[in-house]
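K.L.:
Residues per chain are reported as follows:
2 protein chains.
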Amino acid sequence: MLGKLKIKYIQSLGQKKLRDEEGLFIAEGPKILQELLTSAKKNIVAVYGIEEWIQANEATIGNIETVIVTDDELAKISQLSTPNKALAIIKKFDNSATPDLKGKVSLALDTIQDPGNLGTIIRIADWFGVTNIICSTDCADIYNSKVVQATMGSIARVNVQYVDLAAWLASKKDIRIYATALEGQDVATMKKLEEGIIVFGNESKGISEEVLQLVNVKITIPKKGNAESLNAAVAAGIVLAVLS
Amino acid sequence: MLGKLKIKYIQSLGQKKLRDEEGLFIAEGPKILQELLTSAKKNIVAVYGIEEWIQANEATIGNIETVIVTDDELAKISQLSTPNKALAIIKKFDNSATPDLKGKVSLALDTIQDPGNLGTIIRIADWFGVTNIICSTDCADIYNSKVVQATMGSIARVNVQYVDLAAWLASKKDIRIYATALEGQDVATMKKLEEGIIVFGNESKGISEEVLQLVNVKITIPKKGNAESLNAAVAAGIVLAVLS
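So the protein sequences, as listed, match chains A and B. Taking the numbering used here, the leading residue of the first sequence gets 1, the next gets one more, and so forth. Taking the numbering used here, the leading residue of the second sequence gets 1, the next gets one more, and so forth.
These are calculated hints, taken from the structure and not from any lab test. From a predicted model like this one, the values you see are computed outputs, not experimental measurements. Do not rely on the hints blindly, as some may be mistaken.
For identical chains, the list gives no copy identity; a pair is met inside one copy or between any two copies.
Derived DSS-like pairs (lysine-lysine); straight-line CA-CA distance at most 27 Å [as the list claims (entries may be wrong)]:
#, residue 1, residue 2
1, K146, K224
2, K8, K41
3, K224, K42
4, K104, K224
5, K224, K172
6, K76, K31
7, K92, K224
8, K224, K192
When you get a sec, could you build the whole thing from the sequences and use the hints?
P.N.:
Shown next, in the form of structure tokens:
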């Protein structure tokens, strides 16, 4: 049974302000919870699930606080349009360490505001072994539930920080900065990078002028057909497949 | 002003059965409508929009049936959670011609059920100049509103057909079939294809055994990090960037 106050509290974590104050966020659905129970168990504060799911996962859940809820209760606390068996309250990850960029490929995101795109980029980064993503402060919040869903659990493994992006890039004088742009080098002709920061820009506006001026190498994914643009996450996948 | 019957009729096009019976579908939002008004004007049956949008686009709309609606009316007929200025009823495209696969790269999709993934793959195909996509009958419907949104207008330029995929591929004896699989050739080491069909499989189950047996060349996108999988659309983008 879930009391009204508890329901309200869990619902409130749908808002960034409350997530920031509490240092908590929500992840939902069997697939992501199983991932996080493996990779980030110590961050999980409580699990709310329907009886069948809780019973099937008892061993993995261990002694984490567990609440069995009805379908109706789950619908109330869920942020999904189709609630999916279980939900967890999780402590935000400690992403405060200065990222070590030496000998690595890292990503910088300029105003990636679509939560699905941000989450998918985090998942792609994790696939290609990229551990640092630096976001401009106006990117979507990584703890937004749609971002969390789209990361498919990779949120626990990639270090994401929010900074004044132009100022931060300007301070990185000893590392090359790459970015996708309309007139650049064909990505297919490029070689794997030993080290570098790759910038991806806003879904419709691209990379801001201020950031673009700091870029050393422009990269293009040549268009052979007629689509107006490529999705930002797909572009990130293509560039990382070649350069990382 | 929109009558109740008209509202019900437009809402009914949210269902595949009704779309099939009427031969119509819905597209929404300024960006896609502007695309379709340019690339597929003759298919547009009627436009419903708020006054401001209709006025700004009068010249492009021309003599297509136009209805000015209030925000409340738009909310009623829209399938989006946030209705976006305008919506059009559109005649389905004629995708009945036998696809010409000679000297081209074409795609085959096995059980791509996520509408966002299907729409994004259509947009990616259009970017890389792929004009034929062959879907297994259990893929999402391309006229589902979420698919239409995700194509960003590319739906008008790519020929999508639904077939019994294993039987169809088995009949293509004179063309090589490629597919992403766990143990295949590293995509980064491959060259552009002159001709071929590339198969992408279901988001979680991959490619069915029956289809896999027909594949001539398996392709792998090597994993360097820890993510459990790559999104199907991202995989399609990476493979097409290298092979198309």
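K.L.:
Please work out whether the CA atoms of K224 and K172 approach to 27 Å or closer within one copy, between two copies, in both situations, or in neither?
P.N.:
Between. Shortest inter-copy distance 25 Å satisfies the 27 Å Cα cut-off; intra-copy 35 Å does not.
K.L.:
How would you classify K76 and K31 at a CA-CA limit of 27 Å: within, between, both, or neither?
P.N.:
Within one copy only: 20 Å inside a chain, 34 Å across chains, cut-off 27 Å.
K.L.:
Up to 27 Å between alpha-carbons, please classify K224 paired with K192: within, between, both or neither.
P.N.:
both (23 Å within a copy, 13 Å between copies)
K.L.:
My question is about K92 and K224: at a cut-off of 27 Å on alpha-carbon distance, are they close within one copy, between copies, both, or neither?
P.N.:
between (42 Å within a copy, 25 Å between copies)
K.L.:
Since the copies are identical, ignore which copy is meant and state whether K8 and K41 lie within 27 Å (CA to CA) inside a copy, between copies, both or neither.
P.N.:
Answer is within: at 25 Å inside a copy they meet the 27 Å cutoff, but 49 Å across does not.
K.L.:
State whether the alpha carbon distance between K146 and K224 is at most 27 Å within one copy, between copies, both, or neither.
P.N.:
between (32 Å within a copy, 25 Å between copies)
K.L.:
When no copy is named, should K224 and K42 be tagged within, between, both, or neither for a Cα gap of at most 27 Å?
P.N.:
Answer is between; shortest inter-copy Cα gap is 25 Å, intra-copy 48 Å.
K.L.:
Regarding K104 and K224, is the shortest C-alpha distance of 27 Å or less found within a copy, between copies, in both, or in neither?
P.N.:
Between copies only: 13 Å across, 31 Å inside.
The earlier numbered hints are all upheld by this structure, with none contradicted.
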